[in-house]
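Engineer: The residues making up each chain are set out below.
Protein chains: 2
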Amino acid sequence: MKDRAHHPIDPWRLRETELDLDDLAQSESLFALSNGHIGLRGNLDEGEPFAFPGTYLNSFYERRPLPYAEAGYGYPESGQTLVDVTNGKLIRLLVDDSPLDLRYGELHSHERSLDFRDGVLHRELDWTSPGGKRVKVQSRRLVSLTQRAVAAVEYIVEPLEESARFVVQSELVANETQPRLSDDPRVAAILDQPLQAVSSDGDLEEVVLMHRTRSSAQLMAAGMAHKVECTERYELDVDVRDDWARTTVICELKPGQRLRVVKIIAYGWSSLRSETAIGDQVAAALASAKFSGWDGLVQQQKEFLDDFWDAADIEVHGHPELQQAARFALFHVLQAGARAERRAIPSKGLTGAGYDGHTFWDTEGYVLPVLTYTMPDAAGDALRWRHSTLELAKERAHVLGLKGSAFPWRTIRGQECSGYWPAGTAAFHINADIADAVNRYYVATGDEQFIEDVGLELLVETARLWISLGHHDRHGAWHIPGVTGPDEYSAVADDNVFTNLMAARNLRIAAETAARHPVKARELGVDVEEEAAWRDAAADVYIPYDEELGVHPQSEGFTGYAEWDFEASRGKYPLMMHAPYFELYRRQVIKQADLMLATYWCGDRFTPEEKARNFDYYERLTVRDSSLSACVQAVMAAEVGHLDLAYDYAYEAALIDLLDLHHNTGDGLHMASLAGAWTALVAGFGGLRERDGHLCFDPQLPDGMTELAFSIRWRGVRLRVDIHHKKATYAIHDGPDAKITLSHEGEEITVAVDKPVTRPIHKRKPILPRPTQPPGREPMSALGRNLPT
Amino acid sequence: MKDRAHHPIDPWRLRETELDLDDLAQSESLFALSNGHIGLRGNLDEGEPFAFPGTYLNSFYERRPLPYAEAGYGYPESGQTLVDVTNGKLIRLLVDDSPLDLRYGELHSHERSLDFRDGVLHRELDWTSPGGKRVKVQSRRLVSLTQRAVAAVEYIVEPLEESARFVVQSELVANETQPRLSDDPRVAAILDQPLQAVSSDGDLEEVVLMHRTRSSAQLMAAGMAHKVECTERYELDVDVRDDWARTTVICELKPGQRLRVVKIIAYGWSSLRSETAIGDQVAAALASAKFSGWDGLVQQQKEFLDDFWDAADIEVHGHPELQQAARFALFHVLQAGARAERRAIPSKGLTGAGYDGHTFWDTEGYVLPVLTYTMPDAAGDALRWRHSTLELAKERAHVLGLKGSAFPWRTIRGQECSGYWPAGTAAFHINADIADAVNRYYVATGDEQFIEDVGLELLVETARLWISLGHHDRHGAWHIPGVTGPDEYSAVADDNVFTNLMAARNLRIAAETAARHPVKARELGVDVEEEAAWRDAAADVYIPYDEELGVHPQSEGFTGYAEWDFEASRGKYPLMMHAPYFELYRRQVIKQADLMLATYWCGDRFTPEEKARNFDYYERLTVRDSSLSACVQAVMAAEVGHLDLAYDYAYEAALIDLLDLHHNTGDGLHMASLAGAWTALVAGFGGLRERDGHLCFDPQLPDGMTELAFSIRWRGVRLRVDIHHKKATYAIHDGPDAKITLSHEGEEITVAVDKPVTRPIHKRKPILPRPTQPPGREPMSALGRNLPT
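Respectively, the protein sequence lines represent chains A and B.
Using UniProt numbering, the letters of the first sequence correspond one by one to residues 1 to 789.
Using UniProt numbering, the letters of the second sequence correspond one by one to residues 1 to 789.
For the record, the hints were derived by calculation from the structure and aren't laboratory data.
As the structure is a computational prediction, the values presented were derived from the model and not from experiment.
A few of these clues could be false.
A pair holds if it fits inside one copy or across any two, identical chains being indistinguishable in the list.
Said to hold, decoys possible - Okay, derived cross-link-like pairs now, PhoX-like style, lysine-lysine, Cα gap no bigger than 25 Å in a straight line: (1) Lys572 to Lys394; (2) Lys520 to Lys403; (3) Lys572 to Lys403; (4) Lys572 to Lys227; (5) Lys254 to Lys765; (6) Lys394 to Lys302; (7) Lys254 to Lys520; (8) Lys727 to Lys763; (9) Lys726 to Lys136; (10) Lys726 to Lys302.
Next up, chain A with everything else stripped away, as it sits in the complex (with noise of 0.2 Å):
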């Protein structure tokens, strides 16, 4: 975990007060900038020191072959890897001779701040030259929201006590040099000279370097273009190779007078355009941010981020660091979310390279969920995405040998990546996630044009893999033998809870949609026999339980295994780094939440007893070895009536970057527990559950918060919920008609415009007393750090 001393806390900005060199990597992620189409990472204007230079374009990748010690049948034979690109937030600076460059030299103060409502990366720095001149500079940066293809740098230099030669290089670099990453198998593959050059062209007005993967055959184009004020003479110059470009402004300034450079960045990208085309789309950019300024630029931003926050901020009352980190994770995530449009949402965003830049089930399971209440158009976005790969999907199942959409479990491009199958194409819950994502979006908007679109051929699809993957026994019941559930310290097991209940969902869902539907059912082939067929299955499907110990073993059998020896894995975690899988997988150790995931996601499968001895029993043995536990952890915590617990999961999960919980946010971030912090306060504290088509909310708040309120977007109308400890307010903001029906504690309440409803809040009593977790496994406190050992 990070010091944070020099980072106060800000309700609405990250600040950084001071630079440590040590800390650079994960710095580069938390200031990283994306607008879900690019991603800048947090690196320094004049690019060193680095940890891991960051440049992305979405689903701009470099293939890889994928090599095994003893292949098998349906083996992926190669891999994606997000590449970086050609950088061009690179803007270098000499102060008469010398390089900026903060390793030398005296730097007398440094400060960066991004702030999450006009999402623009402010940097400021005193520092004096080994040649012994003292300037002060001022950036800003932004990856635009509104244009998508575009990132602007704001750049000033001011001599401060004596007067100074100043060359800025604002350049364009391709093939950078990148470092060596570390040997966990989970850090991204280096890829050594991705870019081979296509063309260079440039003047003084505008620049672009055009360059092609040498594997995948993806072609790219970055372009720059710059404005330049200076009271002072200066002069200008360009200069363009294959692999770099330079824009060179030199002036000489006195105290007192400064150079201002405003640098427009575009890129375009494509594996099926032409050169031209590319070519076209970043000089259109380039012209249409020219047209609107840096001042246009940051009011855009700012517009965009006022009505995204108006319809989705989270106010956390009584733990300033909470809050801030509870914007934090949302800044973030809209980040990921808000352009990439029909592109994937890598588990990291944009904001690193880690896990190959690859999609999992993070984005249908953990972020979905919060742009589905709060940025809907990019949920239903990302699920379009999902549905332009289903033809890919529909080819993996066929070569498996199995029937409709076999979606891959990591990828960039939507091809199966996964290079460990128990782990990888087992694991075929993400099927029943994305079906799940469908309908909760639709549930959320309404949108039956949606459904018409893509949602009903990705329920089918979905359905007709669980059909061909489960089968009846003899007595009747639906099982699905060996398969891997959400837990990655468990694999290939039979009757998995989660499985089986998120199966039976889907194959329920896709039989109720395609009956809605019938038409667009019969032209996917639907017919009523498959639909009865789907329903038998849901109605049929076999949920072991564990008599004598009163829970639910997460997968078949897994109750009578022996435990995981915690006590001798102290200071041994992760324990994948410590111990072979087969170890993991044949003794009670969980990795995540799983058959608690189980109890939340189809939560009116489990009585409220149920829940408290499955929580209390499955505590005990989660070691949240992943990043996806501690916000699942938190509303079933909440839920139960572990109040303070849940405030320590959502403690985590918010700041599970902020203070490197995990050793590798210098990756890039973890979007899902960024937007599992968003889960574990709005579905944890506030109870947020969708049950067959209704909103319900079941708040009680933790000890030392004195207040949640935040506001989510429901079948096109803000609602905004305000809990205290006795009492709710629920309160719409929309045109004069809105309103919505809502279930408070089980109750149905209805609110209009201008007539919020306040209702009290009952103390939740937990059935059982707040467990404990494996040694050292237990969270920090929220209300005071009390870190794991």
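Keeping the supplied structure of chain A fixed, place chain B upon it in accordance with the hints.
Structural biologist: The following block gives chain B in isolation, referenced to the frame of chain A:
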């Protein structure tokens, strides 16, 4: 399957009367010579054409990296591959200007034969060169069973119609060109130029080339010496380079004259010893073999084999092809094990580099039972080799977080080389198989010294492994979850019946043996508490049983899985090349005997009715994609009364390589299946079992087999069992006081020298009708070829 028209059946020889260049790979394996220490594939003397050139030294390997798309804790990082070493069997011939190459000129006749009684590969050819000179070449080749570092070739040339000039080039060639092997992952990795020259030295008397492997740094020396006989003048020359040496004999002969060259080849290798020591060892081997001379070597070979066949021959009356195949099989098992002496016996012997030359559980499970009863010293040596790798196995267990020893699934020198853990590391049953082989050897020989030296420690450390792998449930039953049994179409399952029973036996025998050797046991740290824990776990072992079906599930839950769609798989075998593992694992489909093997090896744990029902159930699911299956199915088919089916399986096991039934005999012979042919006959139709230290027979012959006779060794005594349909005769022919007490059909009888005992055989009636196999996977009929489609 191969056409055998050019392989006339002979009870004691493998003959090939015509050369088919398309079948070279297979014939190179079939005609391979080995003493377990050195192996020479049956390549043509002149080296070309070849399918796979092969000269192997037991355990002489090169290291190679094992790559993983996604690596995990405990995955082996490097593998071991058997090296094709310096080829010493090469003798090239020039007739005038034409090299003897059977692809050119005219071949009038070509015959090869391998005589199982003399252990010599004979070859005779009659060829007219492209230049029109007709010559006769005779060669004989042997790998000495008495001088284990030595091989020899006798090469005789004579002109047939007119005089000709002959140049004989006898060579040593390192780093031979290797063909590209198939893409089948099971086939060995290619190693390009694995040998680095260390020294080369030679004269007309003797040449020695010394090389070292690049990565594993193992040292080897190959030497050759010649004796030339010619009535005419001849010239001798020698040329020695780093990677080759050539002794040239030149002469001109008229019809009736001949040139005879005897070539002695010797090898020495070590990973520890010095260059000088290895060089001396080779020189000594050459000197010793020269002293014996060709005739001496041939004579010793004959005596060795006479002694072997006296105690091991197997006579099958009524089926000449099976008679030949049974002796062929036993001969190759002898070749693989005879002089391995503290080195591994690979699954392909030293007949090919398939499976990288690795040793699997095939050795203890299939090959050692045969050696134990026919050549017990070789079995003891093989187990002493296992013991020599015990420290590595203990290290491996430690890395895996387990106690005791975890022997490798596949290895050359003892390190785990498996790159796919679900069918490698997780197949812990190999440890029980080793323990069982220890006990089997002990029971058959009464060798207490062996137990003191190595046996007890192997039993103790494997028992410790099982204790750390198993656990008691809350009802006191002892389970082993999440391991892999013999069937490779299932993996990582709970309570595999075979594994549980074998582990329990391992524990029980360890406790009994420790109690019998208390001093040694205390030395190994075994106390009475540990012994008690072993006995308790063994007594409490959980064996799943499906009450409704009246059969044992292969592992918990197996009988509840959906059945494989065998109809859809017609023509798609082996299934692993057409379906992903997860799909194979989650359905009822069996690659190879698993539960059925449990009913054979642990037959005392099943009633006759259970055996009959289990056989009936599993026979319908078993596709025999593994060569380890048919022999076990033969034994159990015989036990449950399906004698004709047993006959078919015995035939399949014995003919696997002669008919190339698995289409990969070219990669080396299937030693386990060849050993299994003996087992199918002796344990199947002879009904040999060892129960609690007693030797038992329960013979039954199938229709068409008129008589089956075989000899085995039991506690130093040679027992001959002669079985007819209605009676069996037991006789011994050792020293005057020898006697054996055994059981015939459950009746205890004692056999003494010169007092054979004859007993009637009562016809066994099957409880159930003959079961079917998966469509297209029926065995060939032993009585008339009936091929699988």
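Engineer: Which numbered hints turn out to be false for this structure?
Structural biologist: 4, 5, 6, 7, 9 and 10
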